[in-house]
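Visitor: These protein sequences, in sequence, are chains A and B. Residue 238 in this note's numbering sits at position 238 of the first sequence, and the numbers go up by one each step. Residue 9 in this note's numbering sits at position 9 of the second sequence, and the numbers go up by one each step.
Any given hint might turn out to be false.
To be verified - Computed list of lysine-lysine pairs in PhoX-like fashion (alpha-carbon distance at most 20 Å, straight line):
#1 K169(B) - K74(A)
#2 K340(B) - K74(A)
#3 K257(B) - K340(B)
What the hints assert, rightly or not - Derived CB-CB ranges, DEER-like:
#4 L24(A) - D154(B): 47 to 55 Å
#5 L82(B) - V29(A): 51 to 59 Å
#6 H145(A) - I24(B): 18 to 26 Å
#7 L69(A) - S88(B): 40 to 48 Å
#8 R295(A) - P121(B): 51 to 59 Å
#9 G47(B) - L69(A): 36 to 44 Å
#10 H145(A) - D85(B): 55 to 63 Å
#11 E170(B) - Q208(A): 40 to 48 Å
#12 Q40(B) - D239(A): 40 to 48 Å
Just so you know, these hints were derived from the structure itself, not from any lab. Backbone N, C-alpha and C define an ideal beta-carbon position, used for all residues, glycine too.
Here is what each chain is made of, one letter per residue.
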Amino acid sequence: MPLTSHHLRNLLKDSQLDKEIDELTELMVKRINQLCFEDCQIDRIACTLQPKCRQRWLLKLRMLNKLTLDDMPKFCYSVHKNIIFRDYHNKTVVYKPTDSYLYTIDFLDVFFHGDYRKLNQYYSKKQFRDCIKIFKDRINNRDEHFQYLLTDKENFMIFKFEEKIHVMFLNENYVLSNANRDNITSVELLKGICELFARLYFPEFKLQLGFDNRIEIKSIIPGDILLKVSKEPPETKDDKIDDYFWNIFSSDLDALSQHCKEINLYINKQNDLIIKIHLDVNSSDFDRKNLLRYRDLRLIFNIIFRFYNDFYIIWA
Amino acid sequence: MGMNDKKKGLIKMSEDKEQDPELIKIKDFIRDERFDDVVQIIALYLGDATDENYLDRLENLMETLLIQHGGRTVLRFLIEQLVIDLPSLLESLSKRDSVLRYSFLLLLKSFCENECDLFMPFIEDLINSEDPNIREAALQLTIFMAGGDKGIDDELLIKSISNKLTDEKEFIVEKAIQTLKVIGKSNTSLVSRVLSNIVKENAENEELKQAADLVLKAIVSVNQIEEIVEEELTESEIIEKEEDEISDKEIQLKKKKIELKKKKLELEEKLMNEKEKSLKFKEEIIEREVEISPEREDLPKKLKKQIKKDENEIFDKEIELKKKYIEIKKKKLEIELKEKEFEEISIQEREKTLKIKEKLLEKESELSHVEIELQQKKIEEKEKKLREKELEHAEVIFKELEEDKRKEKNE
Numbered sequence: 001m002p003l004t005s006h007h008l009r010n011l012l013k014d015s016q017l018d019k020e021i022d023e024l025t026e027l028m029v030k031r032i033n034q035l036c037f038e039d040c041q042i043d044r045i046a047c048t049l050q051p052k053c054r055q056r057w058l059l060k061l062r063m064l065n066k067l068t069l070d071d072m073p074k075f076c077y078s079v080h081k082n083i084i085f086r087d088y089h090n091k092t093v094v095y096k097p098t099d100s101y102l103y104t105i106d107f108l109d110v111f112f113h114g115d116y117r118k119l120n121q122y123y124s125k126k127q128f129r130d131c132i133k134i135f136k137d138r139i140n141n142r143d144e145h146f147q148y149l150l151t152d153k154e155n156f157m158i159f160k161f162e163e164k165i166h167v168m169f170l171n172e173n174y175v176l177s178n179a180n181r182d183n184i185t186s187v188e189l190l191k192g193i194c195e196l197f198a199r200l201y202f203p204e205f206k207l208q209l210g211f212d213n214r215i216e217i218k219s220i221i222p223g224d225i226l227l228k229v230s231k232e233p234p235e236t237k238d239d240k241i242d243d244y245f246w247n248i249f250s251s252d253l254d255a256l257s258q259h260c261k262e263i264n265l266y267i268n269k270q271n272d273l274i275i276k277i278h279l280d281v282n283s284s285d286f287d288r289k290n291l292l293r294y295r296d297l298r299l300i301f302n303i304i305f306r307f308y309n310d311f312y313i314i315w316a
Numbered sequence: 001m002g003m004n005d006k007k008k009g010l011i012k013m014s015e016d017k018e019q020d021p022e023l024i025k026i027k028d029f030i031r032d033e034r035f036d037d038v039v040q041i042i043a044l045y046l047g048d049a050t051d052e053n054y055l056d057r058l059e060n061l062m063e064t065l066l067i068q069h070g071g072r073t074v075l076r077f078l079i080e081q082l083v084i085d086l087p088s089l090l091e092s093l094s095k096r097d098s099v100l101r102y103s104f105l106l107l108l109k110s111f112c113e114n115e116c117d118l119f120m121p122f123i124e125d126l127i128n129s130e131d132p133n134i135r136e137a138a139l140q141l142t143i144f145m146a147g148g149d150k151g152i153d154d155e156l157l158i159k160s161i162s163n164k165l166t167d168e169k170e171f172i173v174e175k176a177i178q179t180l181k182v183i184g185k186s187n188t189s190l191v192s193r194v195l196s197n198i199v200k201e202n203a204e205n206e207e208l209k210q211a212a213d214l215v216l217k218a219i220v221s222v223n224q225i226e227e228i229v230e231e232e233l234t235e236s237e238i239i240e241k242e243e244d245e246i247s248d249k250e251i252q253l254k255k256k257k258i259e260l261k262k263k264k265l266e267l268e269e270k271l272m273n274e275k276e277k278s279l280k281f282k283e284e285i286i287e288r289e290v291e292i293s294p295e296r297e298d299l300p301k302k303l304k305k306q307i308k309k310d311e312n313e314i315f316d317k318e319i320e321l322k323k324k325y326i327e328i329k330k331k332k333l334e335i336e337l338k339e340k341e342f343e344e345i346s347i348q349e350r351e352k353t354l355k356i357k358e359k360l361l362e363k364e365s366e367l368s369h370v371e372i373e374l375q376q377k378k379i380e381e382k383e384k385k386l387r388e389k390e391l392e393h394a395e396v397i398f399k400e401l402e403e404d405k406r407k408e409k410n411e
């Protein structure tokens, strides 16, 4: 039986084989460098249209380990930036650039081209107010449509362009563009994203950071809505409230329970249904793999938005 | 995001917000397979563009063609009907991003494979373009063409590609290697001959040698090596061949000279004829003036008009003649220039033969040196052998003498 990746995985799990693992990783580094700088990048057409790593994830590997542009396969990186640019402008792309990382200056170049040098200077000097001035000017005077939020401890800046979320890691000098399947790595960032979405989609629902370092979102379904729900299962889907509470609500709760740390449901004194959702970067204590991803958060927001838009705002 | 789009390697991300109505029309027409109409609309669409938005329009158009089923056909029509001039299109796309550029090249693949005649006239110029992006694109198109039915057997083109093995841009060198490998698969001996000649001409260029080695290793199999070795000539044979080639070229040059002289004579004849004609006209004018002038005032109006007309016609003809005379002069000058060029070429060729002869002489002198050295060595060896024999002989005599002495003492 030939050597397979499974064998190597087993080796890497074995913490006692330090020297062997060192040797193996050295081999891997050599191979990765050869792949990026020689095999792939040397043929620019192939590198552009059929890169040798899936969606250029080896660039991400380099960036997340804080390698500078000098240590990057430069042509590959330029194509990567280009693809994000084309995607932003709704042009044809070779692949959908989700969870793509860019250096801050390149992100600013793609999304705020006219001001990117200025913005980069302000960011490097942590002059966030000046950055915000530029953003406000672009939104108010230049007919640009995006939302932004600087997190409490000023470690992240979150941007929302249409449905796409971009997270600027202010201390690392890189930006996660089109955040989707990546994990949310800090509570500060999680709170920031929740605040940004709450501001836009459910401003009257209460959002707070609890003592246990969890984000709490309190959704309300008014009592008079609940009174309208029939006591028997509906035969048709004509009634929106009946259809939701009899057919969909349980699956929504199930989805929420998969991604939330905790869900509390209770009826308050005004007979309103309160749904309290507790969010954490680790959605489950028992399973370390179950980290909260940006796409999970989007699903949670969709459900909360439904509570807000379909039942709270209209009937309150 | 349809599966078909994925197959093409391109994904349309989201619906365009602000679609250009012209592009929508183009899309609809392509969908309805009204290709002739589409070509006309595109011609107008590009024709109406200003200098500022031409590139944007071109890019939008390419984007549309890239994702439309039938886009390839439209592109083919556009190129065939000269709505799009490929060299200038490549030049324009060179200013745009690589994704668009390379996607567009892919769009031309089947076109290159099946109808390479359309690309051949300008491909060499593009390969030698100053813009590296154009050079790269041209090499890629050549790869596509080489993969087609006809293949590539143009020695000059292969030489141009081989020259790119020393390009300043690494990616061009890589593309040139790829191109030569693809061409070499069907034309091994031609590619290997061109490469070995270029390597010989640039014997000190190690990078070129390495690149050529890479190509040769990829295209030459063990069986083919024997064939090529058989084909390969000895140095003296090569020189002979080159001399033959030079003499052939000289003959061709002479032929061309003769042709040029013929043309010159023809032109001179024409010139003479034209001069004669002009003289005749002048004579006619003078005659008419003589005939008409005395009674001109008394002539009826119609006749006066006719005379004026004739005068004007004669004047026009005179101008035309002058123009023709100037053209003939120009042609003469061009011929002279060409003659000079040919002379220069013949001088260069002669210089080449002289150099080859010099090389031959050098080699001959080297050979004679080696021969002399060999003879000297032989003489030295012979002298050595003689000395050794003499020594052996002397030793024998010496021993005999000693034995004689012993015998005498004993007695």
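Visitor: Next, verify each hint and record whether it holds.
Guide: Evaluation of the provided hints:
Distance hint between K169(B) and K74(A) is fulfilled; the C-alpha atoms sit about 14 Å from each other, no more than 20 Å. Between K340(B) and K74(A) the alpha-carbon distance is near 50 Å, which puts this suggested pair outside the 20 Å criterion. For the proposed pair K257(B) and K340(B), the alpha carbon gap of about 10 Å is at most 20 Å, so the pair holds. Distance hint for L24(A) and D154(B): a CB-CB separation of about 50 Å, consistent with the stated range 47 to 55 Å.
Restraint check, L82(B) to V29(A): a C-beta distance of roughly 53 Å satisfies the suggested window 51 to 59 Å. Against the hinted window of 18 to 26 Å, the Cβ-Cβ separation of H145(A) and I24(B) comes to about 23 Å, which satisfies the hint. In this structure the supplied range 40 to 48 Å is violated for L69(A) paired with S88(B), their Cβ-Cβ distance being about 34 Å. Under the hint 51 to 59 Å, the C-beta atoms of R295(A) and P121(B), about 53 Å apart, fit the expected range.
Under the hint 36 to 44 Å, the C-beta atoms of G47(B) and L69(A), about 42 Å apart, fit the expected range. In this structure the supplied range 55 to 63 Å is violated for H145(A) paired with D85(B), their Cβ-Cβ distance being about 39 Å. For the pair E170(B) and Q208(A), the beta carbons lie near 57 Å from each other, so the given range of 40 to 48 Å is not met. In this structure the hint that Q40(B) and D239(A) lie 40 to 48 Å apart at CB is violated, the actual value being about 56 Å.
In summary, the numbered hints that this structure violates are 2, 7, 10, 11, 12.
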